[in-house]
Amino acid sequence: MSKALTVATLFPLATVAAADEANASALVRRGAARELSVETVTVDRPDSFVEADVYLVGGTGRGGVAALVEALTSTDLAVRVSDGAVLLAVDAGLDAIARSWVDPAGARHQGLGLAPVTIHSAPEVTGTVVTRPDASLDLPALIGWEANDLRTVREDGARALFTLEVGSGNRTDDAVGGTTEGVLAGSVLGTRLHGPLLALNPELADLVLARATHRSEPWPELESPAVERARRERIAEVRRESPKTDWRSRLPVPVAARLRG
Amino acid sequence: MSDARDPLRARLALATGRSAGRLSQALGKGSGSMIGGRLALRVDPQVLRAVAGERRSILVTGTNGKSTVTALVAAAITPGGAVVSNTTGANMTDGIVTALSADRTSGLAALEVDEVYLEPVARGTRPKAVVVLNSSREYTRGVSLKSTLEHWRRTAAALPDDCVAIVNVDDPLVSWAFETAPHRIGVSGGLYWRGDALICPACGSVQDFTDDSWSCPGCRRSRPEPDWKVVPDGDGWAVEHAGQRTRIEVTVPGRTGPVGGAFALAAADALGVDVTEAAERVSAVADVDGRYAPYRLGDHAARLLMLKNPAGWAEAIDVAVSTDRPLVVAVDPFGPKDTATMWEAPFQRLAGERVAVTGGRTADAVAILDAAGVDVVEAPDIESAVRAHAPGEVMVACNYPAFRRISKQFRGGTH
Chain A
12 MSKALTVATL FPLATVAAAD EANASALVRR GAARELSVET VTVDRPDSFV
62 EADVYLVGGT GRGGVAALVE ALTSTDLAVR VSDGAVLLAV DAGLDAIARS
112 WVDPAGARHQ GLGLAPVTIH SAPEVTGTVV TRPDASLDLP ALIGWEANDL
162 RTVREDGARA LFTLEVGSGN RTDDAVGGTT EGVLAGSVLG TRLHGPLLAL
212 NPELADLVLA RATHRSEPWP ELESPAVERA RRERIAEVRR ESPKTDWRSR
262 LPVPVAARLR G
Chain B
487 MSDARDPLRA RLALATGRSA GRLSQALGKG SGSMIGGRLA LRVDPQVLRA
537 VAGERRSILV TGTNGKSTVT ALVAAAITPG GAVVSNTTGA NMTDGIVTAL
587 SADRTSGLAA LEVDEVYLEP VARGTRPKAV VVLNSSREYT RGVSLKSTLE
637 HWRRTAAALP DDCVAIVNVD DPLVSWAFET APHRIGVSGG LYWRGDALIC
687 PACGSVQDFT DDSWSCPGCR RSRPEPDWKV VPDGDGWAVE HAGQRTRIEV
737 TVPGRTGPVG GAFALAAADA LGVDVTEAAE RVSAVADVDG RYAPYRLGDH
787 AARLLMLKNP AGWAEAIDVA VSTDRPLVVA VDPFGPKDTA TMWEAPFQRL
837 AGERVAVTGG RTADAVAILD AAGVDVVEAP DIESAVRAHA PGEVMVACNY
887 PAFRRISKQF RGGTH
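One line per chain: the protein sequences are A and B, in this order. In terms of my numbering, the first sequence opens at residue 12 and continues consecutively. In terms of my numbering, the second sequence opens at residue 487 and continues consecutively.
The following block holds chain A by itself, in its conformation from the complex (with noise of 0.2 angstroms):
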């Protein structure tokens, strides 16, 4: 093994579950076939907080968003982010890292700002979701869900994560077409899309260790084949479930919109 990183899982029991913890043992699982060794921390309380490569912060429900924002104040995260460590931020843990959230009563709080975004109120929906292929950042189509009442507003200009074939996702207006999730700002990685989102996609987890690791050209060629059948099937079940998809929303999103005139 190369190189060193640590993983370091904040706050987890400040929200509610959403299945997304395993989100660091893909890290390691991913890290180790990159010979990248790779080391996990959960910080539960503000002095335990520990200098690492990645943060990962998630949940779900806004009821535990007050606290999140609170414990992730007293710590340097800010800082080490600041300093180019990768932060994913998944659901609630987007709300607490935003300029402003809603709580469950529609009052509007300051968050940690370290995300270019805005969270507003929104009807709910829920499902499984199918992102776009993208290659400037490498990734084919990607599963994932979503669940939320949310409106994420990004703002100066910054990037969606993702684009989608499939799902609800940020639900704002976007010019260029095609339904956008997340935001992509610097090292930091939003996203609504929780659940084992790294262990599902393990394209994705190359994506955050080449930006712990500061690597700039693509990895090299690496199949996972028994996740890649699991992500196949339930990419096809969820076109069977969803008919409004046509086979132009499968395509890169410049590709479609070429076809689109």
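Just the calculated beta-carbon pair ranges, DEER-fashion: (1) B:Ser699 / A:Glu248: 45 to 51 angstroms; (2) B:Thr666 / A:Thr183: 46 to 52 angstroms; (3) A:Val90 / B:Ala688: 27 to 33 angstroms; (4) A:Glu50 / B:Thr696: 21 to 27 angstroms.
A short, non-exhaustive set of chain B residues, derived as facing chain A with CB atoms under 10 angstroms: (5) Cys689; (6) Ser691; (7) Asn795; (8) Pro822; (9) Met828; (10) Trp829; (11) Thr848; (12) Asp850; (13) Ala853; (14) Leu855.
Hint data in this document are derived by calculation from the structure and do not stem from the laboratory. Positions of the beta carbon are idealized from the N, C-alpha and C atoms, including for glycine.
Given the structure of chain A, go ahead and fit chain B onto it with the hints provided.
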């Protein structure tokens, strides 16, 4: 049934509930086990108090194992008189109202209670004992573990003076939540899932765990000495209490059986039932809702386990490892996130071992087990999955829909 002593409003509430339950059954909408209670509560929120009456009740709550332990408690207390229990698993206030209103005469009650409904049910039934099994996060509802623990702590503080909380002292979260109870009795049988209990709920410090105990370096809390303790006894298990050792035979596999049995004995003791007699009744429980009786398949015997969260899977893995039984994993489709939480279960404990996989979500299970380094074999159906292992007893760990399907299929042959 109504009783002439019930307040008028409760009688009206029960009559409404009864007709709704019958209507629901007649329309084939279900067993009528919830709708009746729900309407009765709408008419009179105090109706639970009326139907509970003067009975001596034992409540059983926790994240995992409630139905099983409730069945063991119901058996253990039978020497004390007739017992009513919500055996259908309808474990919220409405289901409990329905169960208690269908049987107004039994003097004892063993009630499974959803962890989020403990406060209203405790207020309505004024129990003699509350059994608290364990606490881990649920993924299917929007309640955080923290708020459940705070709810328990409030409930514990308001329990009647003659009520004992019979708690799993190996679980630091449960132990903390029931500190405020008027009386607390400790049961020790091991904690399989520490993932949610690493941090002290009282002070936020990281707890120190040893193999069989825990302590908090921050607030100096530590595992209370257990009053009831599960210990190995020859090739089986026994429960130690007050210097006495009671052998316990439960068909429930692994430690789950004797630990559930220990809770049942403690509950029986709290009602003044003789412990030896209670142990005989517990040992006579052959099955709970089709879950544990072994099914014969030629030279194999299959035991089913039903699991719904990482703590449950951790326990199933522990059963397989500790009893040295081979494992079959059977998972069927059950909504979008049906297999998501399995990624958090410690399957790496089975690394290098052969596990057979079957069901509609085979691809997911293969991916999860493969990632944990398990030697996975796929099987087209449950029989071939079981037969992928050497003859003898095989543990079949199922998610909910696979459990329903397979137990029905196995029972179909014999009943």
